[in-house]
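Enquirer: Going down the list, the protein sequences come from chains L and X.
FYI, in the working numbering the residues of the first sequence are 1 to 474.
FYI, in the working numbering the residues of the second sequence are 1 to 137.
Do not take every clue at face value.
Said to hold, decoys possible - Label-pair restraints from in silico Cβ distances:
1) L:E29 to X:E106: 39 to 45 Å
2) X:T101 to L:R429: 21 to 27 Å
3) L:T18 to X:E106: 46 to 52 Å
4) X:S49 to L:R429: 49 to 55 Å
5) X:E96 to L:D388: 55 to 61 Å
6) L:A119 to X:A90: 54 to 60 Å
Source of the hints: derived by calculation from the structure; they are not laboratory data.
Even for Gly, the Cβ is constructed at its ideal location relative to N, Cα and C.
The primary structure of each chain is shown beneath.
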Amino acid sequence: MELERTSDYVWTVPRSGTMRVPGVVFASESLIVKAREDRAVDQVANVAHLPGIVSASYAMPDIHWGYGFPIGGVAATDVDNGGVISPGGVGFDICCGVRLLSSHLTGADFAKHAHRIMAELDTRIPRGAGKGGIALRGLLDGVLEHGARAALDAGYGTERDLDRCEERGTSAGGRPNLVSPEARQRGGGQLGSLGAGNHFLEVQVVDRVFDAAAAEAFGLRPGTLTVMIHCGSRGLGHQTCQDQLKLMGPAMARHAITVPDRQLACVPTVSREGRAYLGAMATAANFAWANRHILAHEVREAFSVALRTAPADLGLDLVFDVAHNLAKLERHLVAGQPRNLCVHRKGATRAFGPGHADLPDDLRDVGQPVLVPGSMGTASWVLCGVADNPAFASAAHGAGRLMSRSAAKRRASGRDVRRDLEAAGIAIRPGSVRLLAEEAPYAYKDVDEVARVCEAAGLAARVARLRPIGVVKG
Amino acid sequence: MTPRYDIVEHTADTGIETRGNTLAEAIGNAAFAMFDLMYDLSSAPATMSITFDSTANSPPDLLVGVLSELLLRSETDDVVFSEVRVNEAAMSATVEAAGATAVGRELRGPPIKAVTYHRLKCEPAGDDWEIQVIFDV
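Hey, can you work out the whole structure from these sequences and the hints?
Expert: Following this line, the structure appears as structure tokens:
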């Protein structure tokens, strides 16, 4: 696939064939290398075929090969002019995202009580495949309709937590009957669980602050402890996407839509099938918001027990909760005109700049926290949304994979990875030691470079770098 | 005989390629591969079993339907399926799957979330049937 460098951090896939718009990849020279090697750039071009797509098919600096959309893909379609919604632009793990807690604690506090803290987290955080969630199954229907609010009403978390969630932790339009009985059955026993793969819970320390004012507004001070949770809608979301994809095939034929990859199946957003998907997606998203909310509550409990301190005295306050697999109906300017868009972010984070009406009051002058987790041995980043973002207010969602899972396993064993992490001073509690090899730090791109390029490309500004000191993996 | 499959390298996810003398056999081999990626099936003797029917309009859709149902049943019933037998006629399959409990069993690969349509292949190849499928993990 042809790729032209149009500026230091912008690469363009020129419009060709039946592409409706060009492709635009935000990357440095070092980050573009892998995207060129695998099929990620082809996927950027494929997404450019979606009916109603406006401006460009974008990819963030952590771009890599996905299925249908590239990971890091952003596509906005014009809802009022035939713009489609594509379940593949959201992915199977609907509303997968990241939640970050700040604290009054320091790295020294952790070092003193590391064993107790990690033991509590190890015991309390359900992870791995299949069943096993913190919350009772009876909470499911309420959660599917009201998201994190239902979990709060059941005694998990605090009211302030909702203020620091995208959409206040509830996607409008969710209803239990909008997802299949199979989806509810699959997710019913998993509410309050981490899952596996690249999902994790990390204890981190604020390693470096780049923007003192924004860091202060986010509650991040150098040397203090943070906790990051990365997970999504578990089996309920996976099943919902699978169910919806099955329906999309015949629906596409009815709407006379063709796409270059079946995983890009789509329908007009305002069609009956489009509205059905939006409802199912919102329902699954509500599971994910509540899932992270419940896990964060359990983290506070774990620290409270380990440190023999009341949860309220630990200051484990929510910095923010972001989704990075979701489609949202948003209003943006396109060629100077306000348009109603369906913005798909598949492995990309919403990044509203200062002044946006959807931000909580205390962050409106600063901008939205953008959470960019790295790999378990390197770092994670907190960025901040900026004005005039060139990709419909979107930024990176992680380091981005560099290496296939098989290649990562060939390089070292899970035991080797564990030994290396521990030697680097990182406590690790894996659900499966064997799986550690696939998630080894070397399997990912340089997250520091991803954060730098986000800033250089005008996607988001660097606020703070977080260094891992304790990892709980699925 | 243990069904054979090859891993298809993918940056974020995992894929497999497999074959069979018939469509049914190829789908059965893909099902074995799906669980073999996640668990050591040599230590998952068949002590529990299920049967279900699946219909579709095309071989790729039948493949996705069968694999998706197995994933669903695996997750809701906490079962690892080590033996999957498929009988197929006119895009209608009866699936008999047997395996052991997943509870307490160590994963050797990340749990498979779903079966994707990306680069999906399920078609005749000479006298055989050939399958390629990418799983979301």
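Enquirer: Confirm or reject each hint.
Expert: Hints, verified against the model:
1. L:E29 to X:E106: 39 to 45 Å: The hinted range 39 to 45 Å holds for L:E29 and X:E106, with Cβ atoms some 41 Å apart.
2. X:T101 to L:R429: 21 to 27 Å: The hinted range 21 to 27 Å holds for X:T101 and L:R429, with Cβ atoms some 24 Å apart.
3. L:T18 to X:E106: 46 to 52 Å: 47 Å, holds
4. X:S49 to L:R429: 49 to 55 Å: 35 Å, violated
5. X:E96 to L:D388: 55 to 61 Å: 59 Å, holds
6. L:A119 to X:A90: 54 to 60 Å: 57 Å, holds
The structure fails to meet hint 4 from the earlier list, while all remaining hints are met.
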